[in-house]
Structures are given as C-alpha cells and as structure tokens.
Amino acid sequence: MNADSVQAPPGMSGQPIGKKGKSLRSRIWKSRYIYILVLPTLIYFAIFTYAPFYGITIAFKDFKIMSGILDSPWVGFKHFEAMFTSEKFPDLLKNTVIISLYRLVFGFPVPILFALLLNEVRSLWFKRSIQTITYFPHFLSWVVFAGIIYNFIGPSGIINLLLTNAGFEKINMTTNEDVFRTIIVVTAILKEFGWGAIIYLAALAGIDSQLYEAAKIDGAGKLRQIWHVTLPGIRPIIALLFCLQLAGILDAGFDQIFMFLNPAVYDVGDIIDTYVYRLGILQSQFEMATAVGLFKGIIGMILIITANTIIRRLGEKSLW
Amino acid sequence: MYKGMKNRAWKVGMLSLVVVMMLSAIIGCSSNTNKSSEGETNEGAKSEGKNSGALSFSYVRPTWGPSTYTKNGAYEKELFKRANVNINVRIIPVVDYDATIKTTAASGDMPDVIWGWGPVDAFWKELQDEGAFVKINDYLDQFPAVKSAVPDGIWDKMADDKGDIYFIPNLIYPVVPFFITYRADIFEKLNIAEPTTIREFEDALQKIKDSGLGIVPLTHGNTVPFWAGKDIGTSFGTTSGWAPSKEDPSKIVPPEMQEEHLNFKFWLQDLKKRGLFDEEAGVNPDASFGETKFKAGRAAVMLGGGLNQITELRKSEPNASIKIMSPLTGLNGEQGGTRVVFPQDRGFYINAKAKDKVEQIFEFLNWSLTEGTEFRRYGIEGKTFKIDQEGRKVPIPDEEREADFKNAQIEPLKFLDPMSEKLDWEAKELEFIGIGIPDQFEYYKSMFEKYAATPYNDYKDPTVTSPTNAEIGPQIWEDYMAKVDGSILTDFKLTKEGYKEARQKWLDAGGQKIIDEVNELQTDKSEPNYVD
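Residue numbers (the UniProt record's numbering), protein chains in the order written: chain A, 1 to 320; chain B, 1 to 532.
It is possible that part of the hints are untrue.
Straight-line C-alpha distance at most 30 Å; calculated DSS-like pairs for lysine-lysine [what the hints assert, rightly or not]:
(1) A:78 - B:207
(2) A:78 - B:505
(3) A:64 - B:460
(4) B:293 - A:170
(5) A:78 - B:125
(6) B:496 - A:170
(7) B:355 - A:64
(8) B:422 - B:147
(9) B:125 - A:64
(10) B:162 - A:64
(11) A:64 - B:513
(12) A:94 - B:147
Calculated from the model, a selection of chain A residues having no Cβ within reach of chain B, i.e. all distances over 12 Å [as the list claims (entries may be wrong)]:
(13) 32
(14) 123
(15) 129
(16) 242
(17) 278
By construction, these hints were calculated from the structure, which means they are not laboratory data.
The beta-carbon is built from N, C-alpha and C at its ideal position, and this holds for glycine as well.
Construct all of the structure, not just a fragment, from the sequences and the given hints.
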C-alpha cells in the first residue's frame, strides 16, 4: 500500500470542494441535505446559547422583574463596582484560582495515567470491571457523593471511628482550613478520573499498532513504548483538553464546593460562585450575579484564546 | 440504476433523520408543566376526565414534611371533588424554597397562587409594589370567613401605606416553645436531678459525658443550632431578635449587637469545645441529624425537642422516657422562658395574571373555612382520623395511614388555617391520643404554660425595612459578618473579640446606618404583644 492508493476525502486534501467558479448557492443546494441535517443544531444553539446573551444586559441595569429586562433602568457599571470593591473579592478570586490550579496540576494528569494503565491491561473482564467501578461515581450528583464522603470524613465518620478505636485523636476534616482544599481536590479526582479517562482511552485505541511493533523491534520496553509512542499519540488530545480546562479556571466547581463549604473554611474555600449564589440567588441580587457571570466569561475567553494560541504555536492541534 | 437507488435511499434516510431530529427538538422544547396559563391546567382537567367546569389553578408552595407528594392521589381527588377545583400543585422543600421561587418569580413565569414571605421581605414587597399580585381588599370584604381567619392586627401589618392588601398570611401561634427535652431514664440511672439553672445543666451534661455510656450529652432539633436553642438562649437574656440597647433604651439593636446574645452563642461554643454539645452541630449538612440521634437513643438531651419523639425512641429503647426541663435560670439570675415569634410564617399571593380567577380562588378558600372546615381539619374518616368512643375525631398517626392519605399527600394542598385553630388544646390532646401517649398531654400542656409564662419578644416590627439594608445589607453581611457569625460553633479559634472586630467593620460599612434607619422608621419601639 502506498500513499497514492489512499485518496483523501473531499475537503481534507487541501483542494477546494467542487469545481472552480461554482457559485455558493449551487454548492449549498448540492449539499442541501447536509445543511438541513445541521439546521436543528444551529437552531438549538441560536435559541439556547446565543439568544440568552440578551439577558447579559441585566448586569448593567437595575433589574425590575415586572418591567422586564428591556424596560429596567440602566445603571452603568454599578454592579461591577460593587463586586470589585467588595472586601471579599480578592479572597474569592484567589480561592477560585488556587482551587482551579490545584485541580489542574493534580487532577488533570490522573485520567491520563489511569488511561495509560488501563490500556496495558490485557484481561478484558478485569478491564471492564475497573472501568465500570471508576465510571460509576461520575453518575452520582455531588449531593449524593458529598453525603457519602461526609460519612467517611465527618466528626463521627468512619475514618474518625477507626482512629478513636485505634487509640488516636480524632481529626477535624470538615471545618479545618488546613485540609479543605486537599479534600476538594482529592474528592474531585475520585469522582471524575474514571470518566475523564474515556476520551484518552478512545485516543489510545486510535494509535497504529504498527508503531508499537516497530518500537518493539527497535528494542523498546513497555515504558519506552509509552514514552515514545503512546504519549505522543495522545498529545493532541491532552493539549486540547488542557486548553479547555484552562478556560474554565474561574469555574472551581460550584456543586462540589457548595456541598463541602462551611463558614469556618470561607477563608480558603469560598469561591466566586458560592459567594454569588448566596448574594445573587438567595438574596435575589440577580444583577450582581449576572455581572460576575459576565466577568468570568470574559476571563475565560481571554484564557482560552491565549491557551489556544500557545498550543498552536507549539505545533499541536488547536481548537481553531 | 443501482447507484440511483443507493442515492435515493441515502437521501430518504437523511431526510428521515432530519425530520426525526426536528420533531425531537419541537417536542423537547414544548413545555408541558408548571404553566400558569388557564389552558394548560384546563387541559390537565380534561385529560383526567374529571371536574369539568371546576376552577383550575396552579399553585406552588414549600413543604416542611417529606417531599414525596404524587399527583392524583385519593385525598387529592376527594378534595377536588368536594371543592370543585382542580389544583396543579408544585411543591418545593422548604430548605430550597426561597432560592428556587425567587428565581422562578424573576423569570416572570409565576403560578396563579404563589407562596412567599409577603411584605415583610424586600424582594416580595418590591414585586408587590410593581403590580405582580392581585389586590385583595374587596375580596376580603366579600368573603368574611377568609377575613376573619386572620386577626385584624395581622391584616394591618400586611397592608401597604395606602391600606392595600395583596398577601394572605400563613398563620402560626406566636408561642412555639422549643423545649429542652431529656431522657429521664438516663438521668435517673446516673442519679442526676433535673437541672433548674444553667450551671446545673452544664454539670448534668458533664456527668453524662463522664458516665461512659457513649452517648452525646446534648444535641439539637431539626433546624440550625442557635435557633433550636432559642429558648435556652432566653436564660442568657437574649431575645434572638432586636431588643432595646443597654446604652440607650430608646433605641433597638439587632441580636449581634447584644452582649447577652453573644454570651449565649459563645457558651454553646464552649460546650462544644468541652465535648458536651454534639460535635456535628453546625457541621452536618443534614439538619435532622440530632433528632435522628435522639430518637435512636444516642443523645441524652435535645434543644428544640418534643414529647412525640418517644414513639420512635421506644422502638430502640423500650424503657426510655422523655421529659421536658423547665426553663432554666441563667448565670446572672435571668429567668428563662420562650422566644415569641411574629405570628406569620410566609403566606401566599395571587398572580396578577390570574386576576380572572381571583373570585373563584376566594370562593374555594371560603369553602375551606366554612362547609369544608371538617374536611380541611380532619380529612376522611377511617383514612386520616377515626372516631373514638367519646365521639372525638382522633388523628391516625402518619405511619399507620395508607400512602394516599399520609401528611406528605395532604400538606401540598393546604392553604389557610384560621388563627382560632392555632392553639387548640382539644385538637392537641387528640394528637396525643392518636400517637398513643394520652397520659403525657397534661404534662405537655403544663410545660408549655411554664415556657409561655416568660415571653421574650423581638422588638423589631417585621414590616419595617431599612432602605440601606435593601440596597447593601446582604453584601456587607456577606463581606464582614457571614464568616464569624456562621462559624462560632465550628471555629474554636474564634473569640468574642474576633467577632466584635468583624462587627465593627460591618457597622462602619453600613451596618450602623441600617440600625439608625430602622430606629427612625419604627416609631413604636415598645415590646410587642402578639399573644393577646
């Protein structure tokens, strides 16, 4: 088999589709079924993703429910000022970024390592069993999962029960600032690493087995094969997911932190989203909640563009 | 030819796929629940083939009991038949209610009848002022049973400065003692006399801890710890509400400004530090953990308990007995009692969009307070109550009822109960008979009266709202006070001095202005009397 015997599909060869000079209209007509197929998706995004952008104006208004968004009076950047001048804002931003970075540093490599390990397992039933067990926590909500964790780490939980029965002092794990972030990162990893490995397993399945055979012939052992074949094979996916995760750095995981948060650990665990929930939703200050959402969106956009540019310059496959 | 067929098959396949996707999108996007529109609820009635011509309206309310309500239960059908209504109910557990309903209200998609806090809450007051709800003054005149269900003094509080009323309050009796209940059998076993003072109370807890029984000396009932302890707090002189300032008795100040209140809170912190108060207090996200422990025989004393826990407790401890401590005398001789509450806990509005149904809704409320009274209060014979030998209607305990007649099926369909039924000793006695502890009734009543004898009132008029509080109150509370006020029980390093430092920042950021505005707006600062 040589390169000429496999023809690239239209559009993938770098050549323009269709004959030169063919009008856009006729090209659309020719592919009308494909366009119709795409239409529901476009409508979906238009209605549920782009139309709500209109609501962003609440961030600049004194929102009156009965007047509606359109007729509520404009107040400029008042809500942004209130947020940025808040005594707590620097701490909230710091906590959000630190927890996100911890997740990135400690949480991001775990699914990759797990996928690499699982990829080496030859016993199918064992592989399937491990996959099922590790995927399962992903399908539990944080309310349920946090309840399970609380039964382990609570003051009367299993861990403290074991410690006291063994003659040790109890450890405060639920209202202790020193361990809060560790618990957040560890429980997040426990819940999601199995699910997160799926995409890497799919990428691993796509690596040409001939490359491994060639590496073996060249005398590479298991670790060398992983280093020189497997990891480069999934590098584009790693870069892509890293890029996406970086964009969400101001999303430190509301559901999870909300379940574990307690006023005693506000100094290390209160993030932008939990603060906004208490102030914006519970105290019905919707304008401030929207302003913070917009701020997060802008930071996320800047980060994703930056990360994408860096990845592209490094020669990896980028988002666009 | 084969190629042509293949092409056609491909096109037909694609087209079918597109049609399926479009249909899915249309069906998925079309709403089928929780619309306040008449059409939707009528449709529900038609589809059930029942109550044609009945009043249909949508209704959302919080529930305090289990959230296991299912539509079309036998109780619901009976109510709909008797009252000729068809109510599309949506329930929200009370802990989630405020957050959920405010977002729902903000979306403009409110049901016909909606529960809220009424004019005592800035959010609801603003909506009311913006015209979101129906003014009900004329209907109150038209339906006297509804009007007389609520005392005139409460209606006056619900009225705005023009005298217009929009809100129907859910009434509660202002005296709700949160008893200090204890395991009398354990006290007897350990030779502990019933404490009468705070000091004796501490000693009793210490003895229980040292006894080696391995049970929690003190826990709290199904709410936040300090509120569960509101009545033991009175032994420290705190009202757990606004009270006259010690420095200037002509002014009232919020609880966080009162030394007595801080003494109480930090006393509980001290008990917890010493292992006398439940280590899970303020930590366990499930507020009912203390009650569960007490019922399972794993706690000796509970703040905010009742005698009805005995039936559950005796399942695990057949010889257990529960008693109520008399209000305790404080460290400085303060006489304990009960913290009295404003006799309203939420209530409901009628959506302005449902103005065509208002008269019928009032007819229904009127029915429930006149000819429907028996059904509203007692339900159905043999299902929710039984007649005893003396001809009295004795409620059937919830666990003995059929699924369709359990409280979880009835609570979502509750609307207005008159004040006259809020402290009905006859009904209370029947409750005790129903759960099998009739001999405890007189004891309960005597303890109720002991607590009620020394009332502690919140001096603030709940309808007075500081404009500064409405604008920046929540934010400055979150910024300066939320951490210290919320972590007294969980942060043992927090001291009263640390608390006061945070409080000073809060005062400087606008807290003092809020206090001043309340004092300016509330001209009558005398102690309220909600009981008489």
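Verification of the supplied hints:
no.: 1; hint: A:78 - B:207; result: violated, 58 Å
no.: 2; hint: A:78 - B:505; result: holds, 22 Å
no.: 3; hint: A:64 - B:460; result: holds, 28 Å
no.: 4; hint: B:293 - A:170; result: holds, 20 Å
no.: 5; hint: A:78 - B:125; result: holds, 23 Å
no.: 6; hint: B:496 - A:170; result: holds, 26 Å
no.: 7; hint: B:355 - A:64; result: holds, 21 Å
no.: 8; hint: B:422 - B:147; result: holds, 16 Å
no.: 9; hint: B:125 - A:64; result: holds, 12 Å
no.: 10; hint: B:162 - A:64; result: holds, 22 Å
no.: 11; hint: A:64 - B:513; result: holds, 25 Å
no.: 12; hint: A:94 - B:147; result: violated, 55 Å
no.: 13; hint: 32; result: violated, 10 Å
no.: 14; hint: 123; result: holds, 39 Å
no.: 15; hint: 129; result: holds, 32 Å
no.: 16; hint: 242; result: holds, 33 Å
no.: 17; hint: 278; result: violated, 6 Å
Of the numbered hints stated above, those contradicted by the structure are hints 1, 12, 13 and 17, listed in ascending order.
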